[in-house]
Structures are given as structure tokens and as C-alpha cells.
Amino acid sequence: MSSAPSTIPAVPAAKPRRIRSGQERTNWPTTAILLVCTLGVLVPLFVTVSMAFKTTGQAVDGNAFSLPSPLTFDSFAQAWTLTNFPRGFAISVFVSVIAVTGEIVVSALAAYAILRNWDRRIFRWSFFYLLAAMFIPFPVVALPQIQLTGMVGLDNPLGVAVLHIVFALAFNTMLFTAFLRSIPLELEESMRMDGAGTWQVFWKLIFPLLGPMSATVGIFAFIASWNDFMMPSLIISDPEMQTIPVLQKIFQTQFSNSYNVAFASYLMAMAPAIVVYLFTQRWVMAGLTQGAVK
Amino acid sequence: MSIMTKPSPDAAVKAPPRATTPRARKSRVDPLYYLFLLPSLAIFTLAVTLPAALGFVYSFTNSIGFGDFSFIGVRNFIAVFRDEGILGAYGFTLAFSLVTVVVVNAVAFLLALGLTSRIRFRTALRTVFVIPMVISGIVIAFVFQYLFSNSLPLAGKAMGIEPLASSILANPDLAWLAIVFVTAWQSIPSAMLIYIAGLLTVPPEVYEASSIDGATPWHTLRHITFPLVAGYAVINTVLGFKNYLNTYDIIVGLTDGGPGVSTRSVAMAIFRGFEGGDYAYQMANAVIFFLISVAIALIQLRFTRGKGGTAA
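Chains H and X are the protein sequences, given in the same order.
Counting from 1, one number per residue, gives the positions in the first sequence under full-length UniProt numbering.
Counting from 1, one number per residue, gives the positions in the second sequence under full-length UniProt numbering.
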């Protein structure tokens, strides 16, 4: 894991302290304790990988910590066909792409309109209306939602993607309004002076400037929609159209003794989000800190 | 959604009042702004407000989810309060949320303290500690389910520890601990990152001054670090509660509510509304659940205003 990109700047304020630390001694006991603590994260991941390469015969002995012997790739091939991985993958990607794009565009547009018209009641009230979403978790409205999505033909991956956009709306709009306030109005004014309309100002100036925040929102949208089980399992009515996390259930119901195949499948389900995280962790960190401080 | 952190709404309420814009001074709003606002208002109204209103109406009926129904007043609500299964789900969900919030905050704070001290491999360590946050709840729950029901009993037998010799997931008294464990495993990273952000706002000079004054590390922690990160603890508590009250994925993966109904959460009870024909009944439950969630959030926000205001 230490091979992760070493260029990640720490949370901004970390810099000064790190320079300071050059003059002082490394705290080895704490380093050692933390290294031991990483086992809490790494052991379950090791088990997943190791189990995935075992034979079915070895996997049923219950000893998760043994190394695979003999090593086999068969479980991946089986998992691939049992879950119909390519189809599940395509559906999960479809949901994630719509959720990511939708969350960024819809929230950025709303945040811009609200902030620039804050002195108008209707925009102010809209803001608080959207904010109310924070208090309405999915389980509270799930039953009528299942009914309604069924009625309008959205009991499919598209409906799930839309719901992801809706339930992240309050938080994203808040992040974008906070970020927008740091963009000086002068830029916009001079562009308008040159005759640009609201549409051009937004797409040519504001949206590009929102880039870092869009990256954060997009990554969280991806992680949330890729990993979610609750919404797709309840909303998508056709089992053939299920996303990757929901497909893993077949190893509890139908193939409950093929542990090695199950773990190969779990590994394939986890890998995309972990890979995306390792390459984008800069924005993951930035997003969480900004979210907390603002 | 659970990984996403939400700052206290409080902060946002204060946020936008930066009023005068070139448009505003001109007393006429560019209609395009309405168009910008439209998509979010439309999907929110159709996908949340409308179902919420429908559900509210249904909670006063005897609907089974389709077909005819009639209004029966508050009978569903009275029945919910007498339903031991549902009261049990509330008891479990609240107790589970409380314990998990405490565990997550304690571990996350300690890890954050460690990661902001003068250690080696800081970036690599942080990278590793954040990984659980990006793993699907149900998938990691399946992994732990195997460990708890197959590997842990083997270890328990080998070491002669009686309670561990059989699967703790099959033990009605212990299964909830497994759920707390896996939920904490997944939730600690985001809480930890928020604590790191909080700890980094403390200027190093403060620590220097306190060490010059001869404060012991414990005194520094108690009188300087704790008060300064109190606001972040509130954020983590509010966000944590919000997520844990709606817990579903990890329970499905570990116990599916069992053994019996000992680990059934409120969300799981509500979702059963389509199975047993008690649709309207579970809508009444959802209305009550909503009111309780809002009450808990408001109590916490109230508490925020009184205490540790810096971050929140």
C-alpha cells in the first residue's frame, strides 16, 4: 500500500508542522503502534485476496488466514460467469456515471443561481427547501418511492441514479455555495461587461472555476453509488438489472459453499472503488476537510 | 451515501448571505437563474416531497400497497407503539447507534492524534487507514460474516474461549457486537479525517507554549486539544447518528436481522412493509422514525450551539 502516489499533499495546514518536525525526533513508539493498527484494515483485505485464490476444497476448512495452496484462478472465472460480471459491471458503471455527472451539474447550477440571487426570497427559500433533504433519509420515503418509481417506469438503474442525485443534493449544493463564495465577483462582472450572458458566464467561467469542488463531489458520488446496496436492492425490480453489490447476495442464497468463488467476486466488486480512491485521494481528503470546516 | 460527510446545516444557514450582485441591483432577475434552479427543485419535489406526502397520507389508511383502502385514523400509530417487534427494532437501533458513535469517535480521535504527531510513513499510513471508507458496506459485511462464523470459532476453540467457540452471529446476545464492529470499521476513516482537519487547525505555537510552561502531555491533551476539537466531535456525532440510525447494508450482510429479530434495525422493519401487506402500518412507523430522527438531530444541534462552536 505504501506504493500509493507519494505526491499527495497532506491536508493544507500539515505543511508547517512537517517542516518543524524535521528539527525534532521521529516519534517511533506512535509510528509502531499505528503500523500495528493497520493490521485492522489490512487483515480483512488480505483474507479477501487469499481466499479468492484458494480451491473450493481448501476454502471450506474455515481457516481464513492460511495461504492458498495450490494457487488457482478458477474462482475468478466462476465468479465472472455466476454473477454475469460484465453485465453487472456495465449497469454499475451506468448508475455511477449518471450519478456523478448529475450530482455535479445539478448542484452546481442550483448553488450558482441561489447564491447570486440570495436577496430574493424564492431563491433563499429554495435553498432551505433543498437543505431539508438532510433530514429525510431514504428509509423514511422508501415505500412510496418504490411504488412511484414502479408506476413511472423508473424501477431500474436510471431511477437509482436519480435517487442518488436527490439524496446528495443538499450536501452538494452546500459545498458548492461555500466554494462559490470564494470566487471574486469582479471576474464575473468584467465578463458581463464584455456582453456575456448568464449562460456563458456559468459555463465558461464559473463551472471551470468550480473544478476542484466538482472533483470532490464527483468522487464521493462515485464511491457512494458504486458501493450502495440499499437503494438498488429495493428500487430495481428486475434481478437481471442489478448492480454489482446486490449481485453478491447470490453467494448467500444459491452458492453458499463456494467461498473461494464468493471472495473472488467480492474482490472484483471492491477493486474499482479502491483503485479510484488510490488515484484520487487528494480530493477525497480535501473534500472531507472542507466539508467539516465550512 | 454514508461515506459522505455533511457539515452541520447550521454552518450553511449562516453561509450564503452575500447579497448584492450585479443582477440583484438591477431589480430584474435573469430568467435563466430559474432554469438553473429548476432541475434540483423538480427532482427533489418529485422524488422526496411527493413520496413523503403520499406516505404521510397512507399512514392513516389500511392500504396494503395496492388496491382499495380506507382511512382508519391514527390506529396504525397506536398499533406501532404496541408492537413489540417494532419497539425492539427502535431499542436495537438507538442502542447500536449510541455505542457505535462512542466507539467510532474514540478510535478515530486516537488515530488522528497519532497521524498528526511526529511519525514516519505518515502519508502511507493515512492512505491505509482511509481504505475502509471506500469499500462497499455489504461486501465487507460478507467478508466479516465468513470470519465471524467460520474463522473466529476455530480460533476460539483452539484457545479454549467458550463464548467464541461458536459463531457470535448466531448468538442473540453477541451478534450486535459484530454489527458495531463492522460499522465502526467502515465509519472510522471519515471521522478520523475530520479530527485530523480539526487537529491541524491548532497552531503548533500553542503546544510549544504549553510544553514550555511545563504541562504534561495529559494536561495538554485535556486542556488544549480536547476543547479545541470539541466542535469536530459534535460534527462527527451528528453525522454518525444520522448514518447509524438508518443502518441497513451491514446488517443485511452480517445477520440479516437475526438471530430471530435481535438485530433488526428500524430501516429493515420499514422495508418489510411490502412483504407482510402492512404497507400503511410501516408508513406510520416511517413517520414516527422521521420525527425521532429530526428530534435527535435538533437536540444535537442545540447542543452544538452551546458548546464548541468554532467548527460547527
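Possibly wrong hints are sitting among the right ones.
Unchecked claim - When the alpha-carbon atoms are kept at most 25 Å apart in a straight line, the in silico DMTMM-like pairs for lysine to aspartate or glutamate are as follows:
#1 H:K204 <-> H:E186
#2 X:K157 <-> H:E189
#3 X:K242 <-> X:E84
#4 H:K204 <-> H:D194
#5 X:K242 <-> X:D256
#6 H:K249 <-> H:D119
#7 H:K204 <-> X:D30
#8 H:K249 <-> X:D30
#9 X:K157 <-> X:D173
#10 H:K249 <-> X:E84
#11 H:K249 <-> H:D238
#12 H:K204 <-> H:E189
Please keep in mind that the hints were generated in silico from the structure rather than gathered at the bench.
*Which earlier hints turn out false for this structure, listed by number in ascending order?*
Of the numbered hints given earlier, those the structure breaks are 2, 6, 8 and 10, listed in rising order.
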